[in-house]
Structures are given as structure tokens and as C-alpha cells.
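**Student:** Here is what each chain is made of, one letter per residue.
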Amino acid sequence: MISESQTCLEVANVTFHYQPEHEVFSGFGFTLPVGGVMVVGGPVGSGKTTLVRLIAGLLKPDSGEIKVSGKSTSSLNARERAWMLSGWGMILEDSTILNDRTVRDNIMTSVRLSSSRIRPSRNEIDSMLRQFGLVEKATRFPEALSKGEQKLVQLVMACARNPVFLLWDDPDSALDEEHLDIALELIHRKNLAGTTLLITSTHPEKYKEFGGSILNLAGVET
Amino acid sequence: MILGEFWRGLKSGIVELLSALIAAGLLFALGDSAILATITLSSFSSELKSESVLEVFLIDEITQDGIDSAKTYISSLSGVSNMTVKDPEAAMDEMSAILGSDMTDVLGFNPLPFSLEVRFEPGSCDADYLNRISSGIALRDEVMEVQYASEWLDNLEKLTRTTYIITGILLALVIISSLFIFVSLHRHISTRRRDIVRNLRLLGIPPQSLIVISMMRAIFVGIIAGAAGVGITILLWKLCCNYVVTIPFLTTGFTVLAIAAPVLLALISLLISAGRSQSNLFASGS
Chain A
1 MISESQTCLE VANVTFHYQP EHEVFSGFGF TLPVGGVMVV GGPVGSGKTT LVRLIAGLLK
61 PDSGEIKVSG KSTSSLNARE RAWMLSGWGM ILEDSTILND RTVRDNIMTS VRLSSSRIRP
121 SRNEIDSMLR QFGLVEKATR FPEALSKGEQ KLVQLVMACA RNPVFLLWDD PDSALDEEHL
181 DIALELIHRK NLAGTTLLIT STHPEKYKEF GGSILNLAGV ET
Chain B
1001 MILGEFWRGL KSGIVELLSA LIAAGLLFAL GDSAILATIT LSSFSSELKS ESVLEVFLID
1061 EITQDGIDSA KTYISSLSGV SNMTVKDPEA AMDEMSAILG SDMTDVLGFN PLPFSLEVRF
1121 EPGSCDADYL NRISSGIALR DEVMEVQYAS EWLDNLEKLT RTTYIITGIL LALVIISSLF
1181 IFVSLHRHIS TRRRDIVRNL RLLGIPPQSL IVISMMRAIF VGIIAGAAGV GITILLWKLC
1241 CNYVVTIPFL TTGFTVLAIA APVLLALISL LISAGRSQSN LFASGS
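Protein chains in written order, with my numbering: chain A, 1 to 222; chain B, 1001 to 1286.
Among these hints, one or two may not hold up.
Claimed, not checked - Covered by chain A, per the in silico footprint, the following chain B stretches (three or more residues, Cβ under 8 angstroms): (1) 1001-1015; (2) 1200-1213.
As the list claims (entries may be wrong) - What follows is a list of derived Cβ distance ranges for each label pair: (3) B:L1003 x A:N99: 18 to 26 angstroms; (4) A:G27 x B:S1209: 32 to 40 angstroms; (5) A:D94 x B:S1209: 17 to 25 angstroms; (6) A:D94 x B:G1231: 55 to 63 angstroms; (7) B:K1011 x A:N13: 41 to 49 angstroms; (8) A:E23 x B:S1019: 45 to 53 angstroms.
Unchecked claim - Pairs of lysine to any residue residues, derived as SDA-like cross-links and limited to a Cα-Cα distance of at most 25 angstroms, are as follows: (9) B:K1086 x B:Q1147; (10) B:K1011 x A:R112; (11) A:K137 x B:Q1147.
Hints are computed from structural coordinates only; laboratory data are not their basis.
On a predicted model such as this, the values are computed, not experimentally measured, just so you know.
All C-beta atoms, glycine included, are put in the ideal place defined by N, C-alpha and C.
Excised from the complex, chain A in its bound form (with noise of 0.2 angstroms):
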């Protein structure tokens, strides 16, 4: 089990690459609190989602430590691990949706997963789908919506299960104004009612309105 900590998520001295050329991080770290609010930016090719696939545990540093709530990743084993990420809502660049079933069981599989003890109801969860104008899509499987809408029920399947860290790769890349307004407010609520968020984005000053601290890869910190 994941200790207690005041802080959610602690980047430490993390060293990273693909070739040996290629270094992405070297000794780079950061601190988030829990219920805080964390905004990656940088331009393309910065390391913004090698960062998440970082923290998602998809890949390992090569030096340095990823702690959560005090705990480092590396030293989880495989149960500690789905714990954890049960407690989470990651909405990656890669499709996180089962192809192999329904929008709505997309959405009450990631609920069922959920270590989260409140679970929403079948309306909460049309509640949801409704404002993004996918509720008539629930009996539809993923390959029949477009990318953007993909992308909403993935946003929808991480808060539906309450999580206490969202972690919200590049929002702004498959979604419209519109949408992403919507989106974002649902995931303002989440944080008010205590859930911290790393989101990173290429225009990191849309999300200054959340309140949080800035990180820019380039290496500029507001």
C-alpha cells in the first residue's frame, strides 16, 4: 500500500533516454502536492510525453526516482502497482479505450477497476457523456467515434472513477474549443473536490486559470 504523503507526486534527479545521443532529461525533477495543479508545457519534441510514459510507468528512467505519495515506482511490485494506478485517470496520447467493447462498458470497466469507493450511477455517468454530446454514442464501440470524441470518453472513463491523480497528456490536441472548454471545467471540479492534475500541453498559459505551477521542459519555471 501507498503510504500517506503531502506530496502526490515527486520527480527526483530523473535521467532518461531513448539513444544514447538522445538524452530527454538528464537530473530533472519536480514536486507536486496532493490536490495541486501542474502544467507541463514545452514546444514539440521537449519530452513532454516521455514525461507521462514516465510516470505512467510505461518506461523506466535510467537513473533517478518517481515517487508517489512518498513511494518510489520502481520499488512497487506488480500489485502495488495496479493499486496505485487504480487510484489514477491518465488520459495518454495512445488510446487508453478497450476497443473490444461499448463506450459504456469502456466507461463502467475503468469504474469497476477504480479503487475509488465512490462510484457514479448509470445517470451520473450519461450525466457526463451527455455535456460532451456523446450519450446517444454509448452503444457504440471506439472505432465508430472520431479521434476527438475518443478522446472525451477517455476523459470521461478517468473521472468517472474518481481518481486522486489525473494525468491529462496534450488536451489540446485532438479536441475544439468547444469541447476542450467543457472538459477542462469538468476537470477544474474534479480538482476542487481534491484531485491533483499534471496536464501538459504545448500552450501551457490556457491552463494558468487552474491556478497552478508551470513547467516549462524548455526550462522555464513560473
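Please arrange chain B on chain A, whose structure you already have, making use of the hints.
**Tutor:** Just chain B now, kept in the frame of chain A:
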């Protein structure tokens, strides 16, 4: 949750699943039929062997003490179930009944000696054993000659041994081929569901749940393939030998084994396929 994922896993490669089940079912039917045929032949062979009769012809000048001595020696041999003494008159009556005329009328005397008819307990002797003990008996002073259907028994023995070898080779091929089919099926489903499993892991599915789902799939595939094998075997036997009302040795125990063995093979194949294809998501970053 686990049942749902198990069912989705099966549905994700339904064509490959059905093909694998048909192929494995036919293989197991071949194996089951070979085992049943071998057991039947082996049983038939031991029944025939148990009915083997050793005819010990005693010397012409045999006395009652000599007959008793020969009887005592033969009784002490292992596997002997009973022994009858045939006097020359009884032997002549038997021969006359076969030939249709009394030989003593032609010869003027009865040339047949005293003899002992020795029978064995079922499954207690084979051609080698009969050969060995007949040689031993023939060395005794009171014995003139020992006869039994040695060539016929030798051939039966050879046929049984050859059948064992062929069945063994066939079973080895069935095991290897079914392992190949099951491993391919597991790998196919794993490959097809790689993204689903990756996403389920990201959603926090416990690793033991994934193991249970894979094991359930292997057990299901094994049971269906094994049951299909037994079903096809029954069908084949009924078609090939339509006079057979009941298939010999197709007992409940055999059926349970014929289903348990494929389940075991399916679980072994799961281990083999897991060794390569189900690399740790977090370690590999896949």
C-alpha cells in the same frame, strides 16, 4: 469482471479458437482411438495368452510316482492355475473324435502317452515365460516332450509390442502437435489483446486477475478440445464398427483422463507462450 474479460478474450479470436478446437479435437480423437485400440488388443492378447495350454507329454514307461513328481514340479511354477492328467485312453478318445476313426483299430495298440494339460492364470504369462518354463519342464526325466502354440504366441507378442510402439509414437505426435496448436492460440489471443491488456493494466487491473483469466481460457480450451476428442472417438468407433454397441474400455475414468490430459497440455502451453509473449508491461515499456 473476470468472467467478462475471459469471455471477451475468447470472442476476440473466435475463428482461430474454433479452428484450434477442431484441430486439437481431431488430434485427441486420434490419440484416444489409438489408446482404446491398444488397450483392446492388449486385453485380447492377454486373454488369449491366459488360455494358452501347455501340453506336457510324459515318457511311455511313466509310473504314478513319476506323474506325481511332474505334477508337483509344474504346480510349483508361478502362474499355473490348473493342471489335468490325461491318460492315453482319454487322449485317444479325443483324437478319434477329431479324426473320425479309432487309430487303435489300425495300429493295434494305443501309441499315445500320459500327458498333463497345464493352464495359466490370466495375465500371468507371456511367450517368453512359456518358452522358459517349457524348456525347464522338458529337461525333466519323466517328460518326453512339451508342446504349446509358441510361434503363434510369439507373433501375438510381437504384434502387441509393435502396437505399443506405434501408439507411443502417435501419442508423442499428438502431444507435440496439440502443444503447438495451443501455444499458437494463446500467442494469437495475447497478440490480438495486447493493447486491451495494456489498457486494462493502466486502469489498474490486478496482475493476478490477468493470470486467472489466462488460466481459465486454457482450462476451457483444454476441456472443449478433450471433450471433442472423446466425442469424435465415439463417433468414429460407431461409424467404423457399427456392430459395436458399447466401446470397450471407454469408461468414465478414461473419459475423465481424456479430458484432463488436454487441460494439462493447454496449461503447459500457456506457460510456454507466457514465457515469450507476455513480457512485463512495466519492465518492457511496451
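**Student:** Give a verdict on every hint.
**Tutor:** Status of each hint after checking the structure:
1. Counting residues of the region 1001-1015 of chain B whose C-beta sits closer than 8 angstroms to any C-beta of chain A gives 4, which meets the bar of three, so the coverage hint holds.
2. By the rule of at least three residues with a Cβ nearer than 8 angstroms to a Cβ of chain A, the coverage given for the region 1200-1213 of chain B holds, with 9 such residues.
3. For the pair L1003 (chain B) and N99 (chain A), the supplied restraint of 18 to 26 angstroms holds, since their beta-carbon distance comes to about 20 angstroms.
4. Look at G27 (chain A) against S1209 (chain B): about 38 angstroms separates their beta carbons, and that is inside 32 to 40 angstroms.
5. Against the hinted window of 17 to 25 angstroms, the Cβ-Cβ separation of D94 (chain A) and S1209 (chain B) comes to about 22 angstroms, which satisfies the hint.
6. Under the hint 55 to 63 angstroms, the C-beta atoms of D94 (chain A) and G1231 (chain B), about 45 angstroms apart, miss the expected range.
7. Checking the proposed 41 to 49 angstroms range against K1011 (chain B) and N13 (chain A) shows it holds: the Cβ atoms sit about 46 angstroms from each other.
8. The given range of 45 to 53 angstroms is respected by E23 (chain A) and S1019 (chain B), whose C-beta atoms sit roughly 48 angstroms from each other.
9. This hinted pair checks out: K1086 (chain B) and Q1147 (chain B) have alpha carbons roughly 14 angstroms apart, not beyond 25 angstroms.
10. Taking the CA atoms of K1011 (chain B) and R112 (chain A), the gap is near 21 angstroms; set against the 25 angstroms cutoff, the hint holds.
11. Between the alpha carbons of K137 (chain A) and Q1147 (chain B) the distance comes to roughly 90 angstroms, so the proposed pair goes past 25 angstroms and is violated.
Checked against the numbered hints above, the structure violates hints 6 and 11; every other hint is satisfied.
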